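There are 2 protein chains.
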Amino acid sequence: MPASPLFRRIDVAPAYQKVADAIEREIVSGRIKPGDPIGTELELVRQFGVNRSTVREGIRVLEEGGLLWRDSSRRLQACLPRYNKLATRLSRALVLHEVTFRELFEVSMTLEIASTECAVERATEEDIAELADNLARSEQVIADPAALAECDADFHVLVAKASHNRVLQLAREPAAQLFFPTTEMIVSHGAQGATRLVEAHRHLLEAIRRRDKAAGVQWTRRHLQDWRRGFERIASLDRSVEHMYMEHAQAVRRK
Amino acid sequence: MPASPLFRRIDVAPAYQKVADAIEREIVSGRIKPGDPIGTELELVRQFGVNRSTVREGIRVLEEGGLLWRDSSRRLQACLPRYNKLATRLSRALVLHEVTFRELFEVSMTLEIASTECAVERATEEDIAELADNLARSEQVIADPAALAECDADFHVLVAKASHNRVLQLAREPAAQLFFPTTEMIVSHGAQGATRLVEAHRHLLEAIRRRDKAAGVQWTRRHLQDWRRGFERIASLDRSVEHMYMEHAQAVRRK
DNA sequence: CAAATCTACTTTGTCCGACAAACTGATAAA
DNA sequence: TTTATCAGTTTGTCGGACAAAGTAGATTTG
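One line per chain: the protein sequences are A and B, in this order. Quick note on our numbering: the first sequence kicks off at 2 and runs consecutively. Quick note on our numbering: the second sequence kicks off at 2 and runs consecutively.
Treat the hints as calculated values from the structure; they're not laboratory data. A hint or two may mislead.
Note that the list lumps identical chains together, so a pair holds whenever it fits in one copy or between two copies.
Unchecked claim - Straight-line alpha carbon distances no greater than 27 Å define the calculated DSS-like cross-link-like pairs of lysine-lysine that follow:
#1 K19 with K214
#2 K19 with K86
#3 K86 with K34
#4 K162 with K19
#5 K86 with K214
No experiment lies behind these values; they were computed from the predicted model shown.
Construct the entire structure; sequences and hints are all you get.
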């Protein structure tokens with residue numbers, strides 16, 4: 002047994018990791034801005050003094066993390082991680098952890114209400130126009146559960162956008178991605194599910210337009226309670242989110 | 002210009018991506034369970050019929066996504082994506098999007114209150130014991146801002162854990178990772194900041210113990226308002242979260 | 001017989017060199 | 001001006017190579 006450690010542990014992170022970390026540092030610190038080119042693989046090989054395979058492994062890590070992407074000509078660029086892609090990863094994690102619909106519902110209720118409150122305060126004319134447009138489309142496809150479910154998901158994304166709080170937009174997305182796909186099932190199951198949904202959206206939009214926070218919150222709550230009642234007619238809230246949803250999310254991501 | 006497309010677009014995803022997708026499908030679908038070995042690189046080479054470099058690039062993608070990891074002997078295993086790692090990625094994204102402290106504060110207020118409400122309902126004896134333990138430690142390090150800030154962050158993680166809602170735990174984490182590091186600055190700045198913080202924790206724990214939801218919410222709100230007042234003495238809430246915090250988060254992640 | 005040591009084998013991380021396909025940019029032809 | 005051609009880059013993939021670290025089985029030692 003050595004008397005006392007003479008030397009500190011040396012850093013033995015693999016080279017590809019160091020490459021990834023080095024590039025990540027430059028991007029996160031702001032020295033490389035989104036849109037800036039990173040250089041070709043060969044240039045990186047020369048700069049880091051490692052093999053191209055090693056550089057490529059490092060690049061894959063950052064590409065997956067959403068910090069790098071390849072433009073149309075496949076050249077490397079720094080970029081801002083897209084919320085959507087991150088949210089998909091999170092949703093996947095929630096599925097694997099087998100969270101229940103009760104957990105999703107609880108959080109969605111909280112976040113959608115917060116979303117509405119902020120939207121009532123801050124929605125711009127443009128936000129309202131987008132919401133109105135969405136509502137008009139919903140009314141047209143009221144008989145088509147799949148299309149209506151998509152409209153519903155979009156509507157709530159738009160409300161979140163109108164909140165002008167990007168943290169909120171990001172925070173609600175993972176639960177929403179798992180939560181809203183069930184809307185199709187629910188709407189096509191119950192009889193007046195579709196009309197109640199559109200009605201709720203109409204009142205919600207009206208509340209945002211009139212800057213009436215209490216009404217906005219009330220209709221958001223009612224809207225989600227409707228979802229819950231509809232869901233409970235089909236399955237238990239304590240059922241865990243299933244792999245089915247993940248496959249749905251993957252299909253969406255790829256298109 | 003061709004009259005009409007005779008052929009469908011051929012799938013030209015790179016091989017490493019196909020490898021990653023194939024393994025991901027097996028894991029997400031549940032056919033490979035967390036903890037199951039994936040096999041050695043050479044086995045994957047044989048199964049997929051591609052080069053080892055290609056397999057390795059595919060593996061990197063999944064490793065970064067948190068679906069694969071290498072155990073102590075560096076063999077590949079499927080695993081559940083850790084919330085912590087995902088949250089770090091999200092925090093990084095928030096930094097790059099230059100969100101403001103106001104946005105963080107707004108969402109944290111919402112989620113911490115929700116967290117408290119659920120914790121009051123569902124905290125077990127064990128949860129309460131952990132919180133009490135944390136509180137005792139806080140009282141010991143009340144004069145050490147760095148240690149106290151860490152205790153504070155832990156306290157809120159424990160409250161979220163006591164909510165027994167995993168979606169909530171995950172949803173609050175990204176904002177918290179950026180929000181709480183400022184506690185150190187705030188506590189060391191104001192005079193009674195530290196005592197007020199510990200006092201809030203004490204009341205909060207007491208509320209959870211007594212299942213008193215109103216008191217829990219009230220003290221959570223007061224606690225966060227304290228943070229806000231403290232922060233505003235130092236900087237504007239509309240300042241964007243800075244790169245500094247990201248470096249802090251990276252240091253934490255590595256240890 | 002149990003514990004420690006040695007040895008042969010496997011696996012990972014890295015490197016090298018190679019090549020086809022796709023893309024770039026510029027020049028030549030219609 | 002548009003189209004065709006062509007040489008040079010760059011990426012994606014391949015095959016093979018090797019040192020370091022880990023594994024497991026055989027062997028020695030107490």
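> Quick check: which numbered hints come out false for this structure?
Replying inline: Violated: hints 1, 4 and 5.
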